[in-house]
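There are 2 protein chains.
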Amino acid sequence: MQESILHSYTNAVIITINKCMDIIKNGYITVNGNKIIDIGTGEPKSGGITIDVGGKIIMPGFVNAHTHMPMTLYRGIADDLPLMEWLEEHIWPAEAKYTTEENVRIGARLGLAEMIKTGTTTFCDMYFFADAVAEETEKAGLRSVMGEGILEFATNSFEHSKAALEKAENFIKKWSGNKLIHPAVIFHATYTCKKNTLIKVKEMAEKYKVPMTTHISETKGEVENVTYEQGKNPVQYLKELKLLNNKLTGAHCVWLTEYDQKDFAKHGTSIAHCPTSNLKLGSGIAPIPDYLKKGINVALGTDGAASNNNLDMVEEMRLAALLHKGNTLNPTVVNAKTAIKMATINGAKALGLDNIIGSLEVGKRADFIIIDTENTFMTPIYDYYSAIVYSMNSSCIETVVVNGKELMVGRELVTLNENLIVEQVKSLKIMQ
Amino acid sequence: MQESILHSYTNAVIITINKCMDIIKNGYITVNGNKIIDIGTGEPKSGGITIDVGGKIIMPGFVNAHTHMPMTLYRGIADDLPLMEWLEEHIWPAEAKYTTEENVRIGARLGLAEMIKTGTTTFCDMYFFADAVAEETEKAGLRSVMGEGILEFATNSFEHSKAALEKAENFIKKWSGNKLIHPAVIFHATYTCKKNTLIKVKEMAEKYKVPMTTHISETKGEVENVTYEQGKNPVQYLKELKLLNNKLTGAHCVWLTEYDQKDFAKHGTSIAHCPTSNLKLGSGIAPIPDYLKKGINVALGTDGAASNNNLDMVEEMRLAALLHKGNTLNPTVVNAKTAIKMATINGAKALGLDNIIGSLEVGKRADFIIIDTENTFMTPIYDYYSAIVYSMNSSCIETVVVNGKELMVGRELVTLNENLIVEQVKSLKIMQ
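Protein sequence lines, in the order shown, are assigned to chains X and A.
0 is the number of the first residue of the first sequence in numbering that gives the first Met the number 0; add one for each residue after it.
0 is the number of the first residue of the second sequence in numbering that gives the first Met the number 0; add one for each residue after it.
Calculated from the structure, these hints are not laboratory results.
Honestly, I wouldn't trust all of these hints.
Which copy is meant is left open, because identical chains are indistinguishable; a pair holds if it fits in one copy or across any two.
DSSO-like mimics (lysine-lysine), calculated; alpha carbons at most 27 angstroms apart, straight line [stated by the list, open to error]:
id: 1; residue 1: Lys292; residue 2: Lys18
id: 2; residue 1: Lys161; residue 2: Lys428
id: 3; residue 1: Lys425; residue 2: Lys55
id: 4; residue 1: Lys24; residue 2: Lys428
id: 5; residue 1: Lys55; residue 2: Lys428
id: 6; residue 1: Lys172; residue 2: Lys292
id: 7; residue 1: Lys173; residue 2: Lys428
id: 8; residue 1: Lys428; residue 2: Lys172
id: 9; residue 1: Lys178; residue 2: Lys238
id: 10; residue 1: Lys428; residue 2: Lys336
id: 11; residue 1: Lys241; residue 2: Lys178
id: 12; residue 1: Lys201; residue 2: Lys428
id: 13; residue 1: Lys425; residue 2: Lys336
id: 14; residue 1: Lys219; residue 2: Lys292
id: 15; residue 1: Lys201; residue 2: Lys55
id: 16; residue 1: Lys34; residue 2: Lys96
id: 17; residue 1: Lys208; residue 2: Lys336
id: 18; residue 1: Lys425; residue 2: Lys161
id: 19; residue 1: Lys208; residue 2: Lys193
id: 20; residue 1: Lys24; residue 2: Lys425
id: 21; residue 1: Lys178; residue 2: Lys428
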């Protein structure tokens with residue numbers, strides 16, 4: 000379906016994720032350009048083309064609130080290792096050798112294809128060569144919040160933090176106003192950025208009124224080190240620098256103290272919970288039920304495919320719903336409805352985009368997925384949230400629409416050539 | 000491919016899961032009847048038909064060591080509830096009303112279709128109307144270890160434990176020697192069977208030399224109750240009754256004491272670890288790394304779809320590999336190689352079938368799956384175990400072969416009609 004044509008998807012079960020969590024049976028969504036202009040029951044009121052989805056589910060696309068997309072190239076390069084050995088002996092050497100702009104483009108395309116196939120419509124990305132990643136993302140048609148990843152030491156993308164800050168600022172200026180690429184200030188962590196860099200980060204975010212994201216309290220060791228160096232843990236250090244505000248999303252946040260949690264709630268700072276990565280790297284299990292009780296906005300992220308090892312938000316949502324029940328011996332925490340909100344509207348809120356995405360409502364962007372229910376995985380359905388969170392896998396996702404444009408139809412990618420991407424990645428022969 | 004024809008699958012990466020964990024590149028597997036008669040590199044030595052799999056992966060099918068397959072009918076009927084409320088107010092009333100022989104057949108077909116689509120080739124089933132389940136399983140072509148589920152109180156399948164024991168014994172006699180259905184003594188738990196019933200269970204297993212399975216120490220409450228009633232916890236009670244032996248697999252085993260663990264190791268009793276179900280019902284996280292260190296054979300199970308809510312062993316294997324790293328803050332425990340063994344050969348050992356399944360070796364049954372690697376999920380591959388455990392999802396599984404017969408080819412079911420099954424389940428209108 001072309002972006003510009005008025006059209007309606009009809010005969011759908013619409014999981015709106017609006018404030019009332021309305022589920023509309025025999026529903027339709029009318030799209031004009033990139034916007035939802037009507038949602039209702041029965042026949043659409045507007046003219047235009049009609050697409051009967053045959054009783055399938057339509058829901059907002061997933062918002063992946065934390066990833067390092069081009070690292071999909073390093074999926075499985077090293078596993079089952081202690082964090083520092085994994086980073087220092089495998090990930091960083093591989094990045095030093097292979098993270099060129101061209102390879103970042105190839106890795107980005109691999110990640111983009113996987114995200115579309117698993118129903119993600121918006122992602123927040125932290126990596127280098129951000130211009131290249133943004134160009135590939137715009138071509139693929141996905142929505143993204145991103146910027147040049149800022150840190151102190153040299154990468155293949157910049158020599159030092161001053162150059163990183165310059166690249167980051169140029170990126171914001173260049174992409175500001177783009178329909179799909181939403182610029183942000185992306186800084187790596189309190190332990191990889193000096194105080195002066197963090198101050199400049201804050202100034203840049205304020206100047207351009209853009210969201211920020213960074214890693215916060217991912218491991219016990221990080222909290223100990225930052226506390227040793229700064230006399231404050233990462234959260235209190237960010238608070239001192241006035242970086243703990245409602246523009247900031249902290250990725251991971253496994254080890255927040257009671258004080259930290261209250262400060263997150265008070266300052267409206269969001270969390271991008273990454274349960275798979277936290278398990279895989281042995282970082283721990285974030286006390287998410289406590290965070291939710293305090294009213295903190297908790298979104299979901301896959302982290303990069305080097306520590307996941309995929310970008311599948313369906314799996315992430317399911318794990319988020321399961322993990323905390325077993326960890327707290329309480330099967331009522333993080334119920335299916337909560338998990339689906341974490342994977343959609345909470346992600347939109349974290350990224351400052353809840354005015355345009357995260358739920359299916361009139362006036363918002365047409366970012367949604369269509370889920371096939373005529374298969375064994377989705378049979379029977381007693382409760383839609385339960386079926387989507389606990390039973391579904393990503394192969395049930397048939398169609399993906401972003402900004403009014405279909406990126407996948409009948410599980411066939413429209414904007415990307417999957418075979419070509421797979422061939423290109425294989426031809427790199429990394430580490431062989 | 001017909002069961003009786005000599006044929007070879009060539010040009011494959013063969014993940015053998017044999018003692019040396021050999022991986023054979025450019026490999027072939029020759030099948031005659033229901034057996035593997037040759038495995039090697041390059042061109043097959045025997046004549047017969049050749050199927051070039053184009054570089055795809057061939058590995059043993061998954062062994063689901065604990066499920067309640069016909070309960071797939073109740074997938075998602077009640078979630079996010081405390082265990083006893085879930086059982087007493089939702090599952091048991093639904094079962095009393097809907098668990099007829101005919102519905103058990105319909106639920107079984109739904110579960111069988113899902114298992115084939117997700118690469119399971121053998122499962123151990125605990126439910127009622129076992130004859131009906133066995134007939135449906137044989138028709139679908141899957142391998143199963145099963146029997147009539149024995150417990151004290153009345154079900155729709157029997158009036159009391161005496162009738163259950165009779166049905167269980169008749170099942171063993173009827174199905175003994177069957178190529179696909181391996182009879183077993185299946186008893187529910189120490190808290191649902193009286194001492195006299197447990198003694199008869201033991202005698203029956205000894206008389207017919209069949210494996211046994213039961214729920215053991217799934218929740219803290221169960222351990223407390225059995226200890227209160229019997230003066231011993233479930234493991235020590237089973238030990239006293241001489242049921243703790245190498246014919247027994249304990250499902251769940253979340254709350255084993257140090258003594259229990261040593262007794263499992265000493266007596267060769269296996270564990271069917273069900274991480275998803277244990278998380279979902281808030282039962283807890285079994286200390287699997289401790290069990291493995293003690294040399295206990297740990298297999299994997301999905302449990303029933305009423306507490307999972309699917310039968311996908313790919314997801315179960317991935318969760319088993321991830322969960323214990325985060326829970327112990329140690330990313331080196333349950334590595335990819337260990338997880339894949341838990342999902343294959345360890346399951347075969349638990350069920351007493353490691354002489355015929357669980358690995359790809361000459362003389363064993365031809366039970367295997369073919370995995371497509373030309374897709375984004377399986378790109379790139381640096382390590383085969385990592386790719387299968389951490390990156391793959393079940394949609395990558397293209398072909399499933401059991402006992403030499405293809406049950407799925409190119410993701411199309413051969414022995415079952417998926418559309419018909421979905422329609423039949425929907426037509427039941429349970430709880431509507």
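Reference check for the pair Lys425 and Lys55, CA-CA at most 27 angstroms: within, between, both, or neither? between (36 angstroms within a copy, 14 angstroms between copies)
Is it within, between, both or neither when you check Lys161 against Lys428 at 27 angstroms Cα-Cα? For Lys161 and Lys428, the Cα distance exceeds 27 angstroms both inside one copy (33 angstroms) and across copies (65 angstroms).
Is it within, between, both or neither when you check Lys428 against Lys336 at 27 angstroms Cα-Cα? between (43 angstroms within a copy, 23 angstroms between copies)
Homomeric proximity label, Lys173 with Lys428: Cα distance no greater than 27 angstroms: neither (34 angstroms within a copy, 56 angstroms between copies)
My question is about Lys55 and Lys428: at a cut-off of 27 angstroms on alpha-carbon distance, are they close within one copy, between copies, both, or neither? Between copies only: 18 angstroms across chains, 41 angstroms inside a chain, cut-off 27 angstroms.
When no copy is named, should Lys219 and Lys292 be tagged within, between, both, or neither for a Cα gap of at most 27 angstroms? both (23 angstroms within a copy, 25 angstroms between copies)
Regarding Lys178 and Lys238, is the shortest C-alpha distance of 27 angstroms or less found within a copy, between copies, in both, or in neither? For Lys178 and Lys238, the Cα distance exceeds 27 angstroms both inside one copy (32 angstroms) and across copies (67 angstroms).
How would you label the pair Lys24, Lys428 (within, between, both, or neither) given a Cα cut-off of 27 angstroms? between (49 angstroms within a copy, 17 angstroms between copies)
Treating 27 angstroms as the Cα threshold, decide for Lys24 and Lys425: within, between, both or neither. between (45 angstroms within a copy, 17 angstroms between copies)
Alpha-carbon proximity between Lys34 and Lys96, which holds within one copy, between copies, both or neither at 27 angstroms: The answer is neither: 43 angstroms in one copy and 47 angstroms across copies each exceed 27 angstroms.
Is it within, between, both, or neither for Lys425 and Lys336, if the alpha carbons may be no more than 27 angstroms apart? For Lys425 and Lys336, only the inter-copy Cα distance (23 angstroms) is at most 27 angstroms; the intra-copy one is 40 angstroms.
Quick one: Lys425 to Lys161, C-alpha cut-off 27 angstroms, is that within a copy, between copies, both, or neither? Neither, since 35 angstroms and 62 angstroms both go past 27 angstroms.
Consistency note: the structure conflicts with the earlier hints numbered 2, 6, 7, 8, 9, 11, 12, 15, 16, 17, 18, 21.
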